[in-house]
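Student: Numbering follows numbering that gives the first Met the number 0, with no gaps: position 91 of the sequence shown is 90.
Note that these hints are calculated values from the structure, not bench results.
One or more hints might be untrue.
What the hints assert, rightly or not - Within a straight-line C-alpha distance of at most 25 Å, the following computed SDA-like cross-link-like pairs (lysine to any residue) qualify:
#1 K109 / K28
#2 K109 / V119
#3 K109 / Y120
#4 K109 / Q132
#5 K109 / N40
#6 K109 / L127
#7 K109 / Y94
#8 K28 / S48
Note that this is a predicted model, so its numbers are computed, not measured.
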Amino acid sequence: MTRATPVQIEGDWVGLYEDSVEMVLRSAKERAPSDEDRVLNLLQGDWYSEIDNNDQFTILGSERQNRYGGASTSVEYLSVMPFCGEFDGLGPFLYAWDSQGGTGLCYEIKEVTESVLDLVYLPRGTELRYLRQETGPDTPIR
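Please put together the full structure from these sequences, using the hints given.
Tutor: Written as structure tokens, this is what we have:
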């Protein structure tokens, strides 16, 4: 299977350790993609902020590697959902979990296309626009 392939897993939960769960896996099989899976698939790749091109991130599977000015900062684990905490009904939402910092952030996904990602950081309502980094052998890192 390739990264970001939707799967259905079955198993037995045998332990909880701070921010992880141990389970005995019985089966893992590919499943049909949901609307949220299709949005996550569109998010794959390299992005930079329209207002500060030093603010960059790469989404690979369900991981977001954040960078500022080319230096790696935090890694977050992502989930696209129809709700996020107390926010419901507007979706889809992007939930980002920073396991090192122990923080979770909610964003409303206003638009995602091949070249633009518009998010609203909740609960503040701050609008964020990211542009896809074009890739190729001669493409400079922004």
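Student: Regarding the pair K109 and Y120, is the alpha-carbon distance no greater than 25 Å?
Tutor: Holds: K109 and Y120 sit about 10 Å apart, inside 25 Å.
Student: Run the distance test for K28 versus S48: straight-line Cα separation, threshold 25 Å.
Tutor: Violated, at roughly 36 Å.
Student: Holds or violated: are the alpha carbons of K109 and V119 at most 25 Å from each other?
Tutor: 7 Å, holds
Student: Does the alpha-carbon distance linking K109 and Y94 stay inside the 25 Å limit?
Tutor: With a Cα-Cα distance of about 14 Å, the restraint between K109 and Y94 holds, given a limit of 25 Å.
Student: Check the hint pairing K109 with K28 against an upper bound of 25 Å on the C-alpha distance.
Tutor: Roughly 31 Å between the alpha carbons, so the hint for K109 and K28 is violated.
Student: Could you grab the alpha-carbon distance between K109 and N40 and see if it respects the 25 Å cut-off?
Tutor: 16 Å, holds
Student: Assess, step by step, whether the Cα of K109 is no farther than 25 Å from the Cα of L127, and give holds or violated.
Tutor: 10 Å, holds
Student: Quick one, are K109 and Q132 close enough, alpha carbons at most 25 Å?
Tutor: 19 Å, holds
Of the hints listed earlier, those the structure fails to meet are numbers 1, 8, in rising order.
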